[in-house]
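Take 36 as the starting number for the sequence shown in the numbering used here and just add one per residue.
It is worth saying that the hints were derived from the structure and are not from the lab.
No residue lacks a Cβ here, since even glycine has one placed at the ideal position from N, Cα and C.
Some clues are possibly wrong.
[Claimed, not checked] Quick list of the computed label-pair ranges, beta carbon to beta carbon:
{"no.": "1", "residue 1": "Arg213", "residue 2": "Glu299", "range": "54 to 62 Å"}
{"no.": "2", "residue 1": "Gly186", "residue 2": "Asp243", "range": "30 to 38 Å"}
{"no.": "3", "residue 1": "Asp387", "residue 2": "Thr409", "range": "17 to 25 Å"}
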Amino acid sequence: MIERTKSSSKPQRPLVGVVIDGISAFGRSVLRGTMRFANIRRQWVLHDNLWCLVDPMQSFPQCEGAIVAGIGGGHFDYIRSHCKHLVSCSGETLHSEFPTVCLDDVATGKMAAQHLLDCRLRQFAFYGYTDVRQVSQRRHQGFSEGLRARGHSCHVSPIPWPSGNQWLMHDHHPELIRWLNELPKPIGIMAADDAAAHDLTAACLEADIGVPDQVAIIGVNNDDLLCESSWPPISSIDPDYTRIGYQAASILDQLMRGEKLSYEECNIVMPPLQVVQRVSTSVLAVSDPHLANAVRYIREHACDPCNVQDVLKQVPVARRWLERQFMLQLGRSPYQEIQRIRIDAAKRLLQDSNLTLPDIAEHCGFTAVQNFNTAFKQVTKTTPAVYRRQVQQFE
Numbered sequence: 036m037i038e039r040t041k042s043s044s045k046p047q048r049p050l051v052g053v054v055i056d057g058i059s060a061f062g063r064s065v066l067r068g069t070m071r072f073a074n075i076r077r078q079w080v081l082h083d084n085l086w087c088l089v090d091p092m093q094s095f096p097q098c099e100g101a102i103v104a105g106i107g108g109g110h111f112d113y114i115r116s117h118c119k120h121l122v123s124c125s126g127e128t129l130h131s132e133f134p135t136v137c138l139d140d141v142a143t144g145k146m147a148a149q150h151l152l153d154c155r156l157r158q159f160a161f162y163g164y165t166d167v168r169q170v171s172q173r174r175h176q177g178f179s180e181g182l183r184a185r186g187h188s189c190h191v192s193p194i195p196w197p198s199g200n201q202w203l204m205h206d207h208h209p210e211l212i213r214w215l216n217e218l219p220k221p222i223g224i225m226a227a228d229d230a231a232a233h234d235l236t237a238a239c240l241e242a243d244i245g246v247p248d249q250v251a252i253i254g255v256n257n258d259d260l261l262c263e264s265s266w267p268p269i270s271s272i273d274p275d276y277t278r279i280g281y282q283a284a285s286i287l288d289q290l291m292r293g294e295k296l297s298y299e300e301c302n303i304v305m306p307p308l309q310v311v312q313r314v315s316t317s318v319l320a321v322s323d324p325h326l327a328n329a330v331r332y333i334r335e336h337a338c339d340p341c342n343v344q345d346v347l348k349q350v351p352v353a354r355r356w357l358e359r360q361f362m363l364q365l366g367r368s369p370y371q372e373i374q375r376i377r378i379d380a381a382k383r384l385l386q387d388s389n390l391t392l393p394d395i396a397e398h399c400g401f402t403a404v405q406n407f408n409t410a411f412k413q414v415t416k417t418t419p420a421v422y423r424r425q426v427q428q429f430e
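Take the sequences, apply the hints, and build the full model.
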């Protein structure tokens, strides 16, 4: 817990409470975004309360405003009673009386569905929370909608997700393993978050069910500790919660300065950033060997660069057959698949590197930066330069 002393010589700055679940990547990332905004403004006095299995209400002062992430129930109500303005970063408060900035959970579910569809899987399931948690329900909704749009249905786990620390005891694993054994294989499973995905991989390991060959698993939050400590490491959707924390701080700042915001201006859902693929979905379930080889070649060589003619040199089939099978199996042409791989690689470089746009274009297989700009805008509806500013402003 950190408290900073108020200045007495200048106009009084507002005391802002930041209450987050300091254990989770979600809470830490929200705090990072909030602090980034506060450090830019330099007009707040911060009371940081990292809720790590202790009572977050200890010595919590009266505040002008508060940002809350990862707490609920009586704790949430207590914080609300101790501040004039409150902004939540949880999807559980979306459409409530409280201003909320949160992840678009429906879009997140659809992104997970698309990733598993790209693995050419034909069987799918969802493992989430069977209670009333809206976040899990919306992710399941988006996952199901994404699958239905491609003519697929979704199995749903009947096993209630254990509460508190009960999941660490694995008491529910016998029932979970029975469900996993009954599912058709190979299958792709979306877990409501990385903790649930971690639980799934542990159950599969216990039951000697191969991941990803028999069960491919994707989670949500991109919690590197959970994802990398699982075996195999878990693919996950990166929500970019830092961006959400920054936006929440911006809204709180406007409210504390007396600005009148519309419902739409203070209730914002933000799209997920990207899928971070690890071993748990490193599978390509395509029965035809020629098609499988073509897809594998594109994914390994799209940035070399390569074109459709290069693919045909590796796969002894007619171009018309290849085009037709790609559309039937993947829903896009070989050329579109090449561009998709290149754009995904470009996104990672735009976010994680300081390479110039011409260098990124070359690294990703584009012959000219103008071709790169055009292709990037067709896919993302924005330019590479604008995309870089958007994803790096919170870093």
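Cross-check of the supplied hints:
no. : hint                          : in the structure
1   : Arg213 <-> Glu299: 54 to 62 Å : violated, 46 Å
2   : Gly186 <-> Asp243: 30 to 38 Å : holds, 32 Å
3   : Asp387 <-> Thr409: 17 to 25 Å : holds, 23 Å
Comparing the model with each numbered hint stated earlier shows that hint 1 is the single one that does not hold.
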